[in-house]
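Asker: First to last, the protein sequences are chains X, H, S, Y, R and C.
In terms of UniProt numbering, the first sequence has 19 at position 19, counting the first letter as 1, and numbering is strictly consecutive.
In terms of UniProt numbering, the second sequence has 22 at position 22, counting the first letter as 1, and numbering is strictly consecutive.
In terms of UniProt numbering, the third sequence has 57 at position 57, counting the first letter as 1, and numbering is strictly consecutive.
In terms of UniProt numbering, the fourth sequence has 23 at position 23, counting the first letter as 1, and numbering is strictly consecutive.
In terms of UniProt numbering, the fifth sequence has 5 at position 5, counting the first letter as 1, and numbering is strictly consecutive.
In terms of UniProt numbering, the sixth sequence has 43 at position 43, counting the first letter as 1, and numbering is strictly consecutive.
Worth flagging that the hints you see were computed from the coordinates, not collected in a lab.
The model shown is predicted, which means the values in this text are computed figures rather than measured ones.
Don't take each hint at face value.
Note: identical chains are not told apart, hence a pair may lie in one copy or across any two.
With a straight-line cut-off of 20 Å between C-alpha atoms, the simulated SDA-like cross-links for lysine to any residue are [stated by the list, open to error]:
1. K66 <-> G13
2. K66 <-> M51
3. K66 <-> N12
4. K22 <-> T34
5. K25 <-> L35
6 protein chains.
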Amino acid sequence: MPYVNIKVTKENGGLTKEEKQKLIKGVTDLLQETLHKNPASTVVVIDEVDMDNYGLGAEQISDRRKRGE
Amino acid sequence: MPYVNIKVTKENGGLTKEEKQKLIKGVTDLLQETLHKNPASTVVVIDEVDMDNYGLGAEQISDRRKRGE
Amino acid sequence: MPYVNIKVTKENGGLTKEEKQKLIKGVTDLLQETLHKNPASTVVVIDEVDMDNYGLGAEQISDRRKRGE
Amino acid sequence: MPYVNIKVTKENGGLTKEEKQKLIKGVTDLLQETLHKNPASTVVVIDEVDMDNYGLGAEQISDRRKRGE
Amino acid sequence: MPYVNIKVTKENGGLTKEEKQKLIKGVTDLLQETLHKNPASTVVVIDEVDMDNYGLGAEQISDRRKRGE
Amino acid sequence: MPYVNIKVTKENGGLTKEEKQKLIKGVTDLLQETLHKNPASTVVVIDEVDMDNYGLGAEQISDRRKRGE
Chain X
1 MPYVNIKVTK ENGGLTKEEK QKLIKGVTDL LQETLHKNPA STVVVIDEVD
51 MDNYGLGAEQ ISDRRKRGE
Chain H
1 MPYVNIKVTK ENGGLTKEEK QKLIKGVTDL LQETLHKNPA STVVVIDEVD
51 MDNYGLGAEQ ISDRRKRGE
Chain S
1 MPYVNIKVTK ENGGLTKEEK QKLIKGVTDL LQETLHKNPA STVVVIDEVD
51 MDNYGLGAEQ ISDRRKRGE
Chain Y
1 MPYVNIKVTK ENGGLTKEEK QKLIKGVTDL LQETLHKNPA STVVVIDEVD
51 MDNYGLGAEQ ISDRRKRGE
Chain R
1 MPYVNIKVTK ENGGLTKEEK QKLIKGVTDL LQETLHKNPA STVVVIDEVD
51 MDNYGLGAEQ ISDRRKRGE
Chain C
1 MPYVNIKVTK ENGGLTKEEK QKLIKGVTDL LQETLHKNPA STVVVIDEVD
51 MDNYGLGAEQ ISDRRKRGE
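Just chain X, same shape as in the assembly (with noise of 0.2 Å):
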């Protein structure tokens, strides 16, 4: 029964849906094997987030993109 939210900024269109797929499974069965948690009650929300809207260092990952970083 954990919950897990991801959040990652939304480049190139956004994650796939097998990427999606990818990651929720795979936070799924760490809980599994690290905790013995069950999968059939484990959420796991994913939050693509505009690359203006997500900040570090003081600046927007937009603008960190733009110098190649």
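Place chains H, S, Y, R and C on chain X using the hints.
Answerer: Then chains H, S, Y, R and C, alone, in the frame of chain X:
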């Protein structure tokens, strides 16, 4: 002054305005009845999440819905 | 499979077990009645926040309480 | 390495890039000045929420705005 | 620069340091493998929630555990 | 009516009351100056997270601190 965040999947075009209003009022009333919290400063935020971005039982809800779950 | 997070201040020793149960049941019932969501996979997490850590109107709730607010 | 999440309603087309940058820089500077936190690992995420999805005083912000509030 | 929040119930005294480390490393590796995200700016926060404060199926986890669930 | 959540590690006994007040006031003022938001309904919640529970670069902050980082 409580803060409540509700995350649900976005299905069939998403929640109607009335459904959102019902959730906001229902949660605010519940906090007033149960804990005597002041509705005037009770904040409720509803996040509608894409079915590909919401996982349960290591699967995306979109896939579970295809199986009628 | 909705996820609900409720943040309230921790006052007078915190919520009783019964108050928490009432909030969990009340929110789960509301989601079932409003959106026909399955209670079995509805997750509710209650965070009790120290009054010094909760701000409203640029003030800590602890200070507002000292003024009887 | 602090993490800050800011939720505001999406009004008049949403925040401008400059407003988002100002929030990101302002919060990062505040954490550096107050707690000497390293800007390089300070993460800020801004969520812009639909006015129908944001409730205060048991009402949707969209309805409060119609009354000029 | 992804941000991940994991909420689990606090049981049997809570997670060990090693379990927390395993979750932090496991999620960071998953994001690197799946989305090529830089571990150096991947933030993971683990919240351990009291079993009375965590609800599933309209019940507190503490009560479900008493029934062996 | 914005909502802001600040997560920082709990170090050296945690933040002082004054530091928390400074963060609450600083963020509320920033939202008023930048977006003309009403302080009276601006909610700020500060979460102090155990250093074992906070990960950056696939490591727990507690371990990074032992290396003087």
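Asker: Is it within a copy, between copies, both, or neither that the alpha carbon of K22 lies no farther than 20 Å from that of T34?
Answerer: both (18 Å within a copy, 7 Å between copies)
Asker: At most 20 Å between C-alpha atoms: does K66 with M51 qualify within a copy, between copies, both, or neither?
Answerer: within (11 Å within a copy, 31 Å between copies)
Asker: Within a copy, between copies, both or neither: where do K66 and G13 come within 20 Å Cα-Cα?
Answerer: within (16 Å within a copy, 24 Å between copies)
Asker: Within, between, both or neither: how does the pair K66, N12 come out at a Cα-Cα threshold of 20 Å?
Answerer: Answer is within; shortest intra-copy Cα gap is 13 Å, inter-copy 27 Å.
Asker: State whether the alpha carbon distance between K25 and L35 is at most 20 Å within one copy, between copies, both, or neither.
Answerer: For K25 and L35, both the intra-copy (15 Å) and inter-copy (14 Å) Cα distances are at most 20 Å.
Taken one by one, the earlier hints all hold for this structure without exception.
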